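Student: Following the hints, complete the assembly by docking chains B, R and U onto the known chain L.
What follows is each chain in one-letter form.
4 protein chains.
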Amino acid sequence: MSFPQIPKIEYKGPESTDPLSYRFYNKSEIIMGKTMEEWCRFSLCSWHTFRGKGADPFGFPTMKRHFDDESDSMENAKRRIDAMFEMLMKLDIGYYTFHDRDVSPEGSTLEESNKMLDEIVDYLAEKQKKTGVKLLWATQNLFSHPRYMNGGATNPDATTFAYACTQAKKVIEINHKLGGENVVYWGGREGYQSVLNTDVKREMDHMAAFFRMCRDYRDKIGSTAQLLIEPKPREPTKHQYDYDAQTVIGFLCTYGLQGDFKVNIEPNHTTLAGHDYEHDILVASKLGFLGSIDCNSGDPLLGWDTDMFCTDIKKTTLVMKIVIEQGGLHAGGLNFDCKVRRESTEDRDLFIGHIGGIDNFARGLRNAAKIIQDNVMDNMVKERYATFDEGFGKTVEEGTATLESAAAFAVKAGEPEQKSGRQEEYEMILNRYV
Amino acid sequence: MSFPQIPKIEYKGPESTDPLSYRFYNKSEIIMGKTMEEWCRFSLCSWHTFRGKGADPFGFPTMKRHFDDESDSMENAKRRIDAMFEMLMKLDIGYYTFHDRDVSPEGSTLEESNKMLDEIVDYLAEKQKKTGVKLLWATQNLFSHPRYMNGGATNPDATTFAYACTQAKKVIEINHKLGGENVVYWGGREGYQSVLNTDVKREMDHMAAFFRMCRDYRDKIGSTAQLLIEPKPREPTKHQYDYDAQTVIGFLCTYGLQGDFKVNIEPNHTTLAGHDYEHDILVASKLGFLGSIDCNSGDPLLGWDTDMFCTDIKKTTLVMKIVIEQGGLHAGGLNFDCKVRRESTEDRDLFIGHIGGIDNFARGLRNAAKIIQDNVMDNMVKERYATFDEGFGKTVEEGTATLESAAAFAVKAGEPEQKSGRQEEYEMILNRYV
Amino acid sequence: MSFPQIPKIEYKGPESTDPLSYRFYNKSEIIMGKTMEEWCRFSLCSWHTFRGKGADPFGFPTMKRHFDDESDSMENAKRRIDAMFEMLMKLDIGYYTFHDRDVSPEGSTLEESNKMLDEIVDYLAEKQKKTGVKLLWATQNLFSHPRYMNGGATNPDATTFAYACTQAKKVIEINHKLGGENVVYWGGREGYQSVLNTDVKREMDHMAAFFRMCRDYRDKIGSTAQLLIEPKPREPTKHQYDYDAQTVIGFLCTYGLQGDFKVNIEPNHTTLAGHDYEHDILVASKLGFLGSIDCNSGDPLLGWDTDMFCTDIKKTTLVMKIVIEQGGLHAGGLNFDCKVRRESTEDRDLFIGHIGGIDNFARGLRNAAKIIQDNVMDNMVKERYATFDEGFGKTVEEGTATLESAAAFAVKAGEPEQKSGRQEEYEMILNRYV
Amino acid sequence: MSFPQIPKIEYKGPESTDPLSYRFYNKSEIIMGKTMEEWCRFSLCSWHTFRGKGADPFGFPTMKRHFDDESDSMENAKRRIDAMFEMLMKLDIGYYTFHDRDVSPEGSTLEESNKMLDEIVDYLAEKQKKTGVKLLWATQNLFSHPRYMNGGATNPDATTFAYACTQAKKVIEINHKLGGENVVYWGGREGYQSVLNTDVKREMDHMAAFFRMCRDYRDKIGSTAQLLIEPKPREPTKHQYDYDAQTVIGFLCTYGLQGDFKVNIEPNHTTLAGHDYEHDILVASKLGFLGSIDCNSGDPLLGWDTDMFCTDIKKTTLVMKIVIEQGGLHAGGLNFDCKVRRESTEDRDLFIGHIGGIDNFARGLRNAAKIIQDNVMDNMVKERYATFDEGFGKTVEEGTATLESAAAFAVKAGEPEQKSGRQEEYEMILNRYV
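Sequence order for the protein chains is L, B, R and U.
Reminder that position 391 of the first sequence reads as 374 in the numbering used here, one-by-one numbering, no gaps.
Reminder that position 416 of the second sequence reads as 399 in the numbering used here, one-by-one numbering, no gaps.
Reminder that position 218 of the third sequence reads as 201 in the numbering used here, one-by-one numbering, no gaps.
Reminder that position 236 of the fourth sequence reads as 219 in the numbering used here, one-by-one numbering, no gaps.
Think of the hints as simulated: they come from the structure by calculation, not from any bench.
Bear in mind the structure is a predicted one, so any value in this text is a computation, not a measurement.
Don't be surprised by glycine CBs; every beta carbon is placed ideally from N, CA and C.
Treat the hints with care, since some could be wrong.
Pulled a few chain L residues facing chain B out of the computed Cβ check, cut under 7 Å [what the hints assert, rightly or not]: (1) D140; (2) T143; (3) C148; (4) T149; (5) S177; (6) L179; (7) D182; (8) K184; (9) R185; (10) A192; (11) Q229; (12) G233; (13) V379; (14) T385.
No more than 27 Å apart at the CA atoms, straight line, and that leaves these computed lysine-lysine pairs for DSSO-like [stated by the list, open to error]: (15) R:K221 x U:K365; (16) U:K395 x R:K160; (17) B:K184 x L:K353; (18) B:K160 x B:K203; (19) U:K365 x R:K184; (20) U:K365 x U:K353.
Just chain L, with the same shape it has in the complex (with noise of 0.2 Å):
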């Protein structure tokens, strides 16, 4: 065992004092029609959690895992997927997710790679069939390598982006065969370090011609997986085409692209764009185009992606409330795209931090229901656009309107009543909930 020292984290309810149980997450537990489990669909994420050591650019690695002896080896690699599940299994939680490079090593060559990725997939696919966990997503690493620091769907090199697709093609084929429900796409080096040396739209057209070729190919081979783009605006590369979850949709609006991707959310990376925490989920999961949730939080007052477990349960609450709202996350989960800080360098703290994560999101889950069948905060909204549901309003939105008439029925309706937005009150009521 990778964590002998680790019990099996079991639901002791709120008033529990152990670290290592769960406060408000229980499994099986009914919420709304649905288990707390099918809401949730937690995840684990294989790079932060199984590779990451706790480096940042002015240290170096922190933390030794008994199952990690850092070499490249296939052994080495299958350790760590032994932990891995075994985490899965202790935390008691149903997905992982993985990028090609983090699960198996990268060889000298293409296809060196790709056998050796082969095996791994192998290994993955016994260990899921043994544990029943499934695979919510995998991804290609296309920012690591040194090849990709000028990009990868958006290289000035054209053998670069073929590489890339290369890659790309690869993850679609294992992902099929693992059952992975989603195929992510996060460009962390498509954009510009400088617009001295980059012709913007010639790569915006690049990068639009990969997910082209992309969906292509993962129908050409039968593949049902949702495919989902990652929004992030400026790290590690200044300007990210990707900025935000606006920013994609938009993107996949201009290039005839909307039916066919989605997007995966990540807060940390809303929160550096500018957007409050659930801002690019509740305008995706409106706009229809919400697939997935990287669950994790940032420290506003830092620059960078922090990958925290979120702590905050309003922000938790105001989540889990948008995903109840949209029936649930479908094909996608809350992956723990998360890591422990590089000072917290003890097994333990790793379960920790996932155990504090889960409850957190469960105890959203808790309140965002309460709030929903209290239905007052609703009601209040509902209310409050009630002109819009008949009359002049209703010509409005149903595109009948004309500035004309428009001018007509204002002239007629005389200065409007004011009318207080409340918010003093929507935030008193939240309080009542977390």
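Tutor: Below, chains B, R and U without anything else, positioned relative to chain L:
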């Protein structure tokens, strides 16, 4: 005369140390086939320059203007217009812009407001005729009056929505009458302060309906004015739907309005959205959406719109390079949506601010022309993307590449050659021109 | 009555859903040996609450208050004071704060202003006597009038400096007369907009001179009011000399004033300076400089002072924990330097904002007391530093260690044992209390 | 030779288009009584330039240096030193800087590390002798090794504190041996990630103890090296005690160390702290604390230390103006704590980055001298404060003014005359020089 102490500003060349002279702006000098005047199409704004008095959230107005008795009378409105045209003549520039409520008082009813506005429009038409100055664009103020506190086109109340439509209708009419080349839509209150009390989907739908109604009415009355949306991220409303250029373009594509609207970019809004000064101008231009520019500048360390005159020659150079590359601003212009600092209380400061702004963009134009004519940087960029001009790269741009053809190419090509991005050299070259 | 529709707000316990009740603030309930009232010392501010009308840089006032005819008359000033004391009674809290120019009109000369202020002070004294309400602090407004556009104590002009001194002198006097427990100095215009036109050394020297003169005068007239400087980083002046708590403390030490002034911390200013909400309160408290708190909150995504009521229970908990640990606020208090949103236009909103603010700090106090009494976290922290309680560590704290004694110890001790920081566990424990 | 393809860089004047030449830096040219070399005192840093390989949090190293086999051997360490001195000769600049662990490997014990370091120091001494290059400063790396993850001088563990002291002791010794003119203290891990697990008071006390111990030891061994603390706000530790220049100066005053330490300012840290590029340099200089400058630059839109070469001539002009005004940098210098972008992978880029940096500060020096000699701006500033040169104003500066004397003066003087701050004119004048 409103500014008796200010002479007509003339071009005296780069050695001039007279603050009331141009060092770079030589109106009729030909640069790359057009006069400087034609490239720049400078425009005075009526709000900051003729209505702004230096108030800020912590302080009262500091500026007394001798042409403004601070009353709401029509006489006073006309005196301000006289001053504006005097300033246009003294600066020797050809365009101006206004909001309906800058130039004309708000009455106690819509009808009364419109009646006064009609009288002012006649006055403006007469002034235009006398001076040859033209209207770059008009716009409606849907953000200052308390009725718009919860939005204009996105107000939860249909009566207020109708009121906003009525102002917009009038502006389309008067702009047409005055030969305005554009109509601008800036949605300062179109967004949310709190997601708790907001139905974002309904509000975005209403905003799209409003834009459709405006387009239809423009067409109906036979106006050919270009319609422009001006993005802004977070002030005065915490989140605005028109966050930045790509968000607006995406919105237009989502709602099928992409053929009817372009964007008016204000760089201070761009930097507030977290992008480089020139980013929105660049992206909008390359995607075919750049309509006009509000040529101001912000302070990257302050979190609000400071609306300063741009003093950074590197930035004006990059902007004018984009303008030249798209063949000029066409119906758009460089509008000084800028204000002197609250402590710059003399009329002389008002002129010096504008002279600096004009000269800095003129200097940028001269630099940009030299960069383009030397063709050093652009050649370096072209060379950087050369692999997409032939072979596999060309099939990507033509749309015939597939992941399979890419993989075949990549395997054959082997590891891509590393190519330095040479950012420091590009920056060194740019510094030769500024 | 100014607020006939608002009842006296009473404690109804955590299950209450009446927005016009307290769920957590039970004034006379004893927590850790003091009443909640004694711990919190809540205070109403006269400016936002009785002078703020919802204007912002893009919009006119939105709020009509029936007790305010918006004239500059003494009658109106007294009506506002009546409303303030009515609100104090209805909220059942014991302190208020004001700027000289909030409560009393500015006359056409200093003498006239002071004469009116004297009349108002008599009126306030009478009100205090009738109600038992006390003055937490008074302050001078040296930032709103145009004369202060270039600063008060740091104005380049000695006449304006003298004017500022005169207002400060009067405030020390009236504060003494009204039994005010502190005098506050907030230097909104004490800084620079541009280094180009500023002699920062001379300005800092003048600021120190001003503070010395204030201290001397306070002593001279026999006042024992605590003197407090309020830090703020970048608004309304681009750079303010009182940037944050440590900058102010450093300034005081540099100029030998550290025994005479403490700080009044406003967390919205702290976050604008780039620190965590509780940072300045913490650092000031630990260094012995925490005098009082303006208990508001900002929006981390907006770059200005939003002065919102604090709705984050985790933050109120951390603040009240610091307050308990230093044995209370002594002469200071929790002053609501907060305003309702511009769209919250009803009197009811004004009360709900304050009730929420009061309840959230009361809830924080309850949480903090429980954390301290359980002593789980503090014990963990104490244990973490235990090596400084003995041996070599103790010599460091006693001041007898040298680099040589350290080196001898280090060589003998060998590589230090790695100790996890356990941040996720601390966060998990904190979440049990909120 | 490590850089066989790079010639010696020579001054060719402003018209040069050879990227491997100086356009502005003419080493022995006299500017205002000193050579450019004396004013600038340029220095190469060993870490970014000779150890940096382009890794970032999302990607592996991109740069291969032919003089570095990436081993930890002493031979490799010496090869890197050879390359550094070759580069110093080719750039023709006179200083270098290093951290102990940049230039020499870390052994398995302190003793072993120190033994290797001694050998390297001998090698450096020999190189210095051969080339005439001098050591600007040495410093200790107390942030990269995992033992320092919770801090060096502020580590909760006394053994780690002692380890940090031991490194600091050795650096004072070797710096003395090599004739280093300063020792620098940058406390990257001296702060907190979370207030929950931190005793900030104890940590600050320990930091002060550490500084005292360093000062005492420097004095004891007869070194006269200037001791410099380098402020930085939020990276790698969320909050660092040395936030900015004024915080450090305040800390020194609080703990009575103000006579023993100055500051080393890195402008990229200054902007991360929310101040203008030149702010900390200016304030430190005016308060008598400016010791040396790490002359890099950041990106105002990115939230971390990008350590770029400064390309903004206006900023280099303002910095060099401050340097001239304080009579030069004395023991300090302009140290290139800068790195080429990750995508700039060739040796040529490394030289071009430095040439650009050198030339931009040389250009700034030329501009600054001209501004000072023309004396237009400084005269305007002097005039602005003239009222403090006589009468009441003078009594303020002399310390004899009181609130009472101020009030008497103010009443007599009446309403102060309004004086424009003329910021736009100052900016226009500055633009004449850049």
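Student: Look at each hint and say if it fits the structure.
Tutor: Each hint tested on the structure:
no., hint, in the structure
1, D140, "holds, 5 Å"
2, T143, "holds, 4 Å"
3, C148, "holds, 3 Å"
4, T149, "holds, 4 Å"
5, S177, "holds, 5 Å"
6, L179, "holds, 4 Å"
7, D182, "holds, 6 Å"
8, K184, "holds, 4 Å"
9, R185, "holds, 6 Å"
10, A192, "holds, 5 Å"
11, Q229, "holds, 5 Å"
12, G233, "holds, 1 Å"
13, V379, "holds, 5 Å"
14, T385, "holds, 6 Å"
15, R:K221 x U:K365, "holds, 21 Å"
16, U:K395 x R:K160, "holds, 26 Å"
17, B:K184 x L:K353, "holds, 23 Å"
18, B:K160 x B:K203, "holds, 14 Å"
19, U:K365 x R:K184, "holds, 13 Å"
20, U:K365 x U:K353, "holds, 18 Å"
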